[in-house]
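Chain by chain, the residues run as shown.
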Amino acid sequence: MFTQQELPACKPILTPPWVITAFVSVGIIFIPIGLASLFASEHVVEIIDRYDKDCVPSNYTNNALAYIQSTQTNKTCTRHLIIPERMKSPIYVYYQLENFYQNHRRYIKNRNDYQLRSRAYEFDVDDCDPEAKTERGPIVPCGLIAWSLFNDTYRFSLQNEVIQVSKQDIVWKSDQNHKFGSNVYPKNFQSSGLIGGARLNQSIPLSKQVDLIVWMRTAALPTFRKLYGKIEVELEANQNLTVLIQNNYNTYSFAGKKKLVLSTTSWIGGKNDFLGIAYLAVGGLCLFVAISFVLLYLLKPRPLEDPSYLSWNINPAGLSN
Amino acid sequence: MTGGRIRAKIRQSNLYTFACLQTHAAETEELDQFPGPGYSRIIYCNEPHRHAKKPLKYRSNYISTTKYNVATFLPKALFEQFRRVANFYFLLTAVLSLTDVAPFSAVSMISPLAFVVGLSMAKEALEDWRRFIQDMKVNLGKVSVHKGNGVFAPKPWMKLQVGDVVKVEKDQFFPADLLLLSSSYDDGICYVETMNLDGETNLKVKRALEATLPFDDDGSFKDFTGKIRCEDPNPSLYTFVGNFEYDRQVYPLDPNQILLRDSKLRNTGYVYGVVIFTGHDSKVMQNATESPSKRSRIEKQMDKIIYILFSLLVLISVISSIGFAVKTDTQMPDWWYLQPFVDAKLYDPDRPALSGLFHLVTALILYGYLIPISLYVSIEVVKVLQAMFINHDIHMYDEETGTPAQARTSNLNEELGQVDTILSDKTGTLTCNQMNFLKCSVSGTAYGRRSSEVELAAAEQIAIDFKGPDSDLTFRSGAGVSEIEMETVVSREEGKDHQKPTIKGFSFEDMRLMNGNWLKEPDPHFILLFFRILAICHTAIPEVNETGGFTYEAESPDEGAFLVAAREFGFEFCRRTQSSIFVRERYPSYEVPVEREYKILNLLDFTSKRKRMSVIVRDEDGMIFLFCKGADSIIFERLAKNGRMFEEATTKHLNDYGEAGLRTLALSYRKLEEAEYTAWNNEFHKAKISIGGDREATLERLSDMMERDLVLVGATAVEDKLQKGVPQCIDKLAQAGLKIWVLTGDKMETAINIGFACSLLRQGMKQICITANTDMLDQDSRQAVKENILMQITNASQMVKLEKDPRAAFALIIDGKTLTYALENDMKHQFLNLAVDCASVICCRVSPKQKALVTRLVKEGTGKTTLAIGDGANDVGMIQEADIGVGISGVEGMQAVMASDFSIAQFQFLERLLVVHGHWCYKRIAQMICYFFYKNIAFGLTLFYFEAFTGFSGQSVYNDWYMLLFNVLLTSLPVISLGVFEQDVSSEICLQFPALYQQGPKNLFFNWYKIFGWMGNGLYSSLIIFFLNLVIFFDQAFRSGGQTADMSAVGTIMFTCIIWAVNCQIALTMSHFTWIQHLFVWGSIATWYLFLLLYGMMSPVYSGNAFQLLIEALAPSPSYWCATLLVTIACNLPYLAHISFQRWLHPMDHHVIQEIKYYKKDVEDRVMWTRERSKARQETQIGFTARVDAKIRQLRGRLTKKHSPVDAGPQVVN
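In order, the protein sequences belong to chains B and Z.
Number 86 in the working numbering belongs to position 86 of the first sequence; there are no gaps in the numbering.
One gets the working numbering by counting positions in the second sequence from 1 and adding 321 to each.
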């Protein structure tokens, strides 16, 4: 059977009922999914506040770079956010960077997973140049990614009452448990030469350095959000949220934007209208195609098994001559 | 030993009068020119040990046709592999992947290349191994060699040395080029069949030197020594220069003493010979040309696509490196987080141009996924599997000889589906080279009831057409049915109780002549003469076989058939002496047969010019008769006035026989007076012993004088037995729209006969014979001859052009001599144009070289795919030259098979090979390649888009392992299953609807429209996959925990979408799902998840950010699944819509047939099904269906004329 190429086979063909059924069923499945995800997305409340510009004092407006690089300037900045709708807990706090190429090939390779994972590999600083080691020994965690750790901080308060930002569960569990060692402590980090981003508390093992862990999951695109923390209280509509920002991180040299994002989530994740719209569009298109097929079959009927469509019947003089 | 007994009695050479002498003359002339390169070879006969060291050490008799040996395999095969542009590119990328420039790890670049190249090399090794085995079969053949002291012992061919004395027995092949020393005949002649060398089936005579004749038994070689000086090895088959020093005498040698390797000893008990040329020095091996490596049309087109993709690759690489340079120059200095000014190496913002250049290399590697690395290897795997199917096809297995079809090179499978012209050899391919005495006409009465195969086939076809449904009846022929049926029913019913002839060569069936019943016929006297002519007028030798009966060794198979017929009629030719023929004549009135002696007085030989042969005999009563047989036209013009009484009836019978595809000869006799004969014989004898230039002419004139005033006795009709199923096969192939040319070394008459037998010719076809006037050749200049031929061609072309009747069919018949001129550069295009306009083309008397030239002309002139099929060594050139060479295996001689790309046991299997396997393989490969480009474009372009978002830094969004597995594991098996198992329609339907085959030659599935369509589809898919995912996972949380997607997540999601999209795409492409396809397609998707799972379970040191990606992050996230579904559907929607619309509005033939089958309409509506089957043919003028149609038209024309001139009846559609 096999060698004679006569294995039993199903030979589906595109008959009109089959085609129409296929398109209609895709439409029927897609439109509810689209509606559901659109609905979910609508229920997500999202506040985006771009603060990089406004947090530069007016006298530095034309020289933001000097402001951010100076150690003398006051980096504290206060923002007031009006809650548009009731936000259920947990409310996720993100920082969003734009025009920041975490996905650059030079950047993305600039880390050493061995070193992050285990103390035994402390000296394993391959791929970490130029942030591999100092005169005092290897840098832990080494590499450009860790070195450029985001170091703006946010403090939230509601009518002078401080709202705690929880850092619980903002990292991937597997990262915390397996990739970042609980016995690996920061060493020689940001200690000499150029200072990149945040410093790390040398007494906390890497597995507890959640901001680092989040940062080390490099983003795919130059615009990205990363989880900063969670607010585990509900915020009511029209409440005025005060945010005290330590504006430390330099995005001014490459004109990158910094935004603070507060968002609730739904089953599809964050606010994502596009998924629902795309589903609706594809579903609608399918229905449209299905309808046009129905019309086509009605207007230009062709009995499926009609042999008069065989080439030798269309062109009785023969094909080759 | 039978030969030995004959030897004692006759000196056979006496019977060969001037035919042999003629060839001698021609060859000695050539010798004078002293061709060949050197003249340095020295051979010590019977002293092979003297050839053990230099300079007399010559090549051994070991032959090898393999491409590689153990030592050269690796370098040579590697070189072959990296000659492919794509493979070289991958080699380069693999080398570069060891440097920093490469965007991927070295392992992920090198391992697929190693896999791909390794697999291809393994295939090469396997094929070479097969060749080696075949060589060894030849090398280990045994031959009896003189060991010393007059003892002969068998030795393998490969051990044979120059100078060895060998003994070759009857029907054995010569193991090397030999010098003939002596034979079982006293006069040292032997008969040789050179079919493997030049394809000629008639036997050639070789003659030993007088000096060596005494060495005719084993013992006599005890002290034999001699020395041969001769030419160096050269490929010329028909020349040999050398001399033989023996006993202090020097004898010149010529080709007559040389027995060539691969020719065969016939009709001779044994011969002794000295080995002159061994192994690759032998003439036949010197002639062997290295078989050219052929590539199919699709593969050549594929190269163009690869070049297009390369251009695309270079283009996007340049774009991204310019982008990179610009970014590096303008923006990167600001990206402090990259520390751009420290140790920047490849990303130095100070030298953007240099960085850009480095990046170009990176990009060329990165986008390498546009070029499918696994394409070649997948195609090779697919083709090997397809070849396996061809090899195992039970319908192409010859049970009699136990030979299956064999795809010897697997890289031409799809070419089988695109054949336009078939060039076929005749003998051994179309015919069995076996003659069957089938009918005869004696004294104006036709005997023989059995129909020829052609008639049977035609009758069957008519039966199908008319026994079909009623609608068909009127449809095809209107009122003419009954009449036609009357004509055909007879022959058909006879065909029913058709049994295999029990006697080889005799299929005659008519009780009126058998068992002595002929005595009761009206003219028993003529019948008696008829039988006697059959039994006496020939040059054959009888041999007693095991059962005590006689078998005949005849020069031509026709004679054999005549003798068998005579024996069956009761006139058994039993003995031939030097001067007499003895015939046992059996009459019903006698108990025992009487043995009569006929004294042979003269024998006037058959030549192609004379087209007749005669014997003059004296019977026991002392009467002298001249018996003459020959071509009807020749005989008829020599008849006496009183000998023409049966002329009219016989002519009619001859025409019928001719139409039935039979070979005819007319038989006649003349009674001679004693005085008349004596006078003539004196002159004839004088002429014979005279020496001088006009000797031949005188003999010719004298023969002519004698062969006059003949009395016509009758005519014979012999069927040149066609191979099984040949007419049907040709008919089907013609219906499939294939053109068939016959190239044969045979005479024009024979060729035309076979043309009729195969229905390549029929009555009513206009035959255009183009011949160079042979008389002109001698006298006129070449120029004049050429002009004459050109004129003939031009006239014929004019005639074809001016022909108004669309049903008119032309046949072009041309002979070899004319072809020499017609193939010259300035004329060949006119010739080709004429030939293409003709329905069938028959080239006769063509040499092997001309066969190859004609093939090349067709191949290059029409630009279409040609297939050459043949069985003998003379077809090797043609087989190698054609796009596809097919060898007929199962018969003796392997040269054609060795040179061929495919071998089949019988011609009839060609139908299945082309119409089923060719059709399938073409579609499979075409779809497979298109799909390959689709999937790699869809995948490769996403890498490019992503670049734009990484500042063109050369980072890929996917994990290296994903990319590695994409081509090797995750998408390769479904496409291989498409290439191996796809069937648009089943094999029965392929055979029933030969017109479907035309989809291949018209290249409906691999034209630029299709290719660009698929590429466009790839582009679309890449856009959808990339941008939909990008927007969905742009910056929002995708997990319930609020985490956003990082690069590994985005990459994995995209990759999931790609795997789904391309695998669903191939499922849509397939129309035939067995469990294998299901397993591979859905299994590939499952494998991806499985891989992701397992990869995620590995230590994060290896899996990096993919660690536990699926179980922890993706699987619990609904948006991951939603995105997969959305993207998969969105990618495939346009294709589905497109094929649905196409199918509805412009269904292709296989679509409609699929539908008919799907709805089981073929079972419900048998009428329609049969009607469509009979209509599914290409317009053709050849094949017996065309012949039947023509016959019907003719009859209908007669009817309409008879009935009413106004009512023309329904139109015949095809």
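Honestly, I wouldn't trust all of these hints.
20 Å max Cα-Cα, derived EDC-like pairs, lysine to aspartate or glutamate [stated by the list, open to error]:
| hint | chain 1 | residue 1 | chain 2 | residue 2 |
| --- | --- | --- | --- | --- |
| 1 | Z | K666 | Z | D650 |
| 2 | Z | K388 | Z | D650 |
| 3 | Z | K1478 | B | D124 |
| 4 | Z | K666 | B | E6 |
Which bits of chain Z does chain B cover? Going by a derived footprint, with three or more residues having C-beta under 8 Å, they are [as the list claims (entries may be wrong)]:
| hint | stretch |
| --- | --- |
| 5 | 648-656 |
| 6 | 1358-1368 |
Derived by calculation from the structure, the hints in this document are not laboratory data.
Heads up, the beta-carbon is just placed ideally off N, CA and C, and yes, glycines get one too.
**Item:** Pairwise hint evaluation, E6/B against K666/Z, where the allowed Cα distance is 20 Å at most
**Value:** violated (61 Å)
**Asked** Given the hinted pair K666/Z and D650/Z, is their alpha-carbon gap at most 20 Å?
**Response** holds (14 Å)
**Prompt:** Does the structure keep K1478/Z and D124/B at a Cα separation of 20 Å or less?
**Reply:** Judged against 20 Å, a Cα distance of about 68 Å means the pair is violated.
**Asked** Counting residues of the stretch 648-656 of chain Z with a beta carbon closer than 8 Å to any beta carbon of chain B, are there 3 or more?
**Response** holds (count 3)
**Asked** Taking 8 Å as the C-beta cutoff, is the stated coverage of the stretch 1358-1368 of chain Z by chain B satisfied by three or more residues?
**Response** Since three or more residues must qualify, the claim that chain B covers the stretch 1358-1368 of chain Z holds, with 11 doing so at under 8 Å.
**Request:** Quickly compare the C-alpha distance for K388/Z and D650/Z to 20 Å and report which way the hint goes.
**Result:** Distance of about 54 Å is beyond 20 Å: violated.
Violated hints, listed in ascending order, are 2, 3, 4; each of the other numbered hints is respected by the structure.
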